[in-house]
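Engineer: Sequence:
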Amino acid sequence: MGAIETIRDITGRKRDEQEVVRSRRSLADIISFLPDATFAINRDGVVITWNRAMEELTGIPAESMIGKGDYEYSLPFYQERRLMLANLVLMPEAEVDSLYTHVNREGDTLVVDTFIPSIRGKSGRYFWAKASPLYDPDGNVTGAIETIRDITERREMEGKLARSNAELQIAADIQRSFMPEVIPQIRGFDIAARTVMAKEVGGDFFDVIPFEIIALSKGTLGLLVADVSGKGVPAALFMALSRIVVRVNALWHRDPAKAIFDANNIITEDSKSGMFVTLFFGALSESDRTLKYVNAGHNPPVVVRSRDGTLEELLPTGMAIGADAHQEYASRTIPIGTGDVVVIYTDGVTDAMNAQEKFFGEDRLYTIIRENARLPAQEILDRILSEVREFSKDMPQFDDITVLVVKGN
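Numbering (the working numbering), first residue to last: 5 to 413.
Simulated from the structure, these hints should not be mistaken for lab results.
In this text, all values refer to a predicted model and were calculated from it rather than measured experimentally.
There may be inaccurate statements among the hints.
Said to hold, decoys possible - Here are the simulated DSS-like pairs of lysine-lysine, each with C-alpha atoms no more than 27 angstroms apart in a straight line:
#1 Lys262 <-> Lys222
#2 Lys397 <-> Lys235
#3 Lys126 <-> Lys164
#4 Lys72 <-> Lys126
#5 Lys235 <-> Lys164
#6 Lys296 <-> Lys262
#7 Lys296 <-> Lys222
#8 Lys134 <-> Lys72
Take the sequences, apply the hints, and build the full model.
Structural biologist: Dropping the structure here:
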């Protein structure tokens, strides 16, 4: 019986050893075809696995690396023999932070991002690496495995995104700094205005200009709503230029057509970017309750008359400014009676899109204005913005939205 038990014991051990060998081969096969460069070492720091992706990354075939120790595997990366992450994961007290930045510990696993100055003739590469201990069936540590991934393109994209976000913040700050904090008012009218900036900052802006600043015409306000072509910092800078030039010329000219004519010449001659701006500029008069305006290629503002609810569109009277010097602009004058409502807006309102890819559109906007025309200017403005928000709630805002409302009292 003793001999039989001995034979059974030997047979069992052989079977276990064969199973271990099969398991190791299976693991090696799996590692060999992993998409990420991967190698493994035993407790003595000798390479036991060097997969195909590692061969491609380093240019060193597996047969030249397997069985090597003395930190041979670090040479392709650092051109010197040094600890790799696979070594450090076997050394709990090791100073990981002294060799790597951005170290994350996930249980017994180490994850790092690192910059390697040169590898296989390529300079300046960023890598992500992850190392974990290897265990035998009894839970004993037998070695370590390390996976390495080239993340250079990802890091470059992250850098570009960070720079882009910084530029967008600059553009937003520029745009915000030019928005009036308090809307000037004159007798006989109620005025409200607001810009809602999109994440990708455009060049919407509005201005309400008291002409009495230099005693030209007390009781008159300049109303300006504009939309600059383009996005980001260039649009914000062009917006700032356009606002200043239009404001200065508006203050020096009683006639809107003359002001916009001169502003267009200055902007066109000074701008080499090819950008342009559509705008609506009008002089709102307290004395005769009129709005004398120029529409330079802008989407038509709308007037709702209180007496019968009729609707008028204030069509363009000239081209967008910045497109062509010496363009002629015509002025038009409309009366604004008690209860009449004028809404000047940018196409961010009508071009707002919902999840079904339908536009908010002019008809919906006009209906909202008619239905709320008895409200104060600020409430009309709030209703418009609320309806646009509700309409496109499942979609991001792609364009700035600007609305200026004038109501006759």
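Engineer: With reference to the structure, classify each hint as holding or not holding.
Structural biologist: Right, here's what the structure says about each hint:
no., hint, result
1, Lys262 <-> Lys222, "19 angstroms, holds"
2, Lys397 <-> Lys235, "22 angstroms, holds"
3, Lys126 <-> Lys164, "21 angstroms, holds"
4, Lys72 <-> Lys126, "25 angstroms, holds"
5, Lys235 <-> Lys164, "16 angstroms, holds"
6, Lys296 <-> Lys262, "12 angstroms, holds"
7, Lys296 <-> Lys222, "15 angstroms, holds"
8, Lys134 <-> Lys72, "21 angstroms, holds"
Against the hints set out earlier in the document, no violation occurs for any number.
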